[in-house]
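Participant: Each chain, written out:
Number of protein chains: 2
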Amino acid sequence: MSSDTDSEAQEKLIDLAAEFYDQMDRGEIPEMSIPTRTKSNIVFDEDEDVWVYGERESTRSANSIRGARKLLKAIYTIEFLDNQLEEDRSSTLRELYYLSESWDSNEAQFSDQDESNQLIEDLEIVSDVRREDFHMRPEESGAKVMGPLLLREQTRRGDREIHCQKDVGQGGYQIPNNPDTIEFLENDAEFVLAVETGGMRDRLVENGFDDEHDAIVVHLGGQPARATRRLTKRFHDELGLPVTVFTDGDPWSYRIYGSVAYGSIKSAHLSEYLATPEAKFIGVQPEDIVEYDLPTDPLSDSDINALESELEDPRFQTDYWEEQIELQLDIGKKSEQQALASHGLDFVTETYLPERLSEMGVL
Amino acid sequence: MSSDTDSEAQEKLIDLAAEFYDQMDRGEIPEMSIPTRTKSNIVFDEDEDVWVYGERESTRSANSIRGARKLLKAIYTIEFLDNQLEEDRSSTLRELYYLSESWDSNEAQFSDQDESNQLIEDLEIVSDVRREDFHMRPEESGAKVMGPLLLREQTRRGDREIHCQKDVGQGGYQIPNNPDTIEFLENDAEFVLAVETGGMRDRLVENGFDDEHDAIVVHLGGQPARATRRLTKRFHDELGLPVTVFTDGDPWSYRIYGSVAYGSIKSAHLSEYLATPEAKFIGVQPEDIVEYDLPTDPLSDSDINALESELEDPRFQTDYWEEQIELQLDIGKKSEQQALASHGLDFVTETYLPERLSEMGVL
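Just so you know, the protein sequences line up as chains A and B, in that order.
Under this note's numbering, the first residue of the first sequence carries the number 1, and numbering increases by one thereafter.
Under this note's numbering, the first residue of the second sequence carries the number 1, and numbering increases by one thereafter.
No lab work stands behind these hints, which were simulated from the structure alone.
This list has only true hints and no planted wrong ones.
Label pairs and their computed distance ranges (CB to CB): (1) B/297 x A/102: 12 to 20 Å; (2) B/26 x A/290: 44 to 52 Å; (3) B/88 x A/184: 31 to 39 Å.
Straight line, CA to CA, 30 Å or less: simulated DSBU-like cross-link-like pairs of lysine-lysine: (4) A/39 x A/70; (5) B/266 x B/39; (6) A/166 x B/166; (7) B/333 x A/70; (8) B/70 x A/333.
Beta carbons are placed, not taken as given, at the ideal position from N, Cα and C, and that holds for glycine.
Hey, can you work out the whole structure from these sequences and the hints?
Facilitator: Here it is as structure tokens:
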């Protein structure tokens, strides 16, 4: 959120508007091309090991009223974002939608929030500026960090130096909406442990796992927000820490791992910024369900469909995942992280995690 | 979470078990009576201004296999809680459910989590000890605080002194699962502003509302967790601060206000511990929708039903609420907090809140 980033974002936005101007100046009908954002246009980038958009593009052109209206909305939004950056303000996606009601042209108002959200994504892709650098915030983030790390966060009220064990309560350090305002000062961490559920996160913190093993415990809180994925990637890239992901043992949780490691369809244009392809999956693995005789629930029909579609998903086409997913389809069961408590409250921190992490070469 | 509280909780648990013992010793079939927890057994306590349970009780008796099994589970759970307090540990409701799989009697295992959750509520009511004092945690809390307040939180790793503006990032201070571990040291606050949505909370913090008006901004995050309601009540009772609640303008959000102010059916046995009857509703009020010409959505059938049932709800039987709810049914519309952005991003902090708070006598 330095002013350099701000001016660069502003410039790229103005370039977009200038492009429309030039098109009109040349007597052309203004248009904007963007990659098609559907599952069929997602390709796996073998070099970067993340999902990115393919070659297919769609064009928004002013040659129809519908298309002209879309471009008009884009221009109003560009002006709004440019002002926002100029004034060093920020806003939520929802505020943008409502704010359009105050614009002087009725034609430029959004008809629903899907439309304004999609336009922001379009502008991200076309301008190659991230939403965070437009100063657009999501509604909620809520994820938090606990571990041996001293950081400095640039806030609107000045810089704050915070140690994520010594200067925080039991609840930990709250990840801000734009984690690029964080600078890492000092750390004694050996690895990152990203945890799906709040209950398990609290268990690890209560048992002092972060302290004993010098782990940075990141609470994902279900499908992780962009801020959480970005910060996790920065832990890996800038601090050189191995990243591990600990979730429930069901197909939906494997997708949480997938979104940390490989990105998601919705944000494939940001995979290189958000995804940590080196992230490793701890579990709960289907083989853990068998080996540790965990309490289970039967797979539902939608679980089975999700597992079968994961077998087709390039992110899960490895020997490891094929074996695990086929085992799970075979046993027809799933388990939650907290099911490990069936062996006692300390089993996860004293037995399960140390065993798995040393198998994985992390501990 | 002082050891006094712990020993008192332990004693009350042991008393329950001793009661079963005495019943058997006298040759009686052991039993346990608890208030019926249904809407028909909720009464409004005029003195305390909160909802409490009525006179109706149901009895769990060992005179049937089903009843005997329930008491057996209660005894195993009492033993588990007693050990947990002895060792100064804590656990989640979900862990308790899974942990029962490790108990030596199969008959004592819970068949689903509803059963273990309900048993913990039963034990809360019968023993008059709160879940937090049993050291039982919920799965998630996630709410956070920003404002001119210095506090000390007792954590498992020692005490932490935290100023909720100067020592936290943009994300604020994360409320711990048991806010009774917090001691208030110093504050310059004039009032508490509890906010439903994360987007609005971030807007207030970005606009420096907490700083300019010496407000403690509490993020409710939808239907607030017990920890959030408890801390809000403590701000009122111990610091003498007026509490105001700012939500969306729809029937579900009025219930969020209702649960802060008057308690909920599920936790009516804790109303005196969790509810802040003096809490005042800021809005979005149906009259604001009209007065400020806010963007709206039409009321759905379930919205209309919810409003009609609120007209029957003792918590909303005041002239004020009747007028507002009837106005809303009349205009057939609802608005969100963030709809205030249709008048610009500063409208809420520069116009709407100052106007409302001075009408209410808070500012």
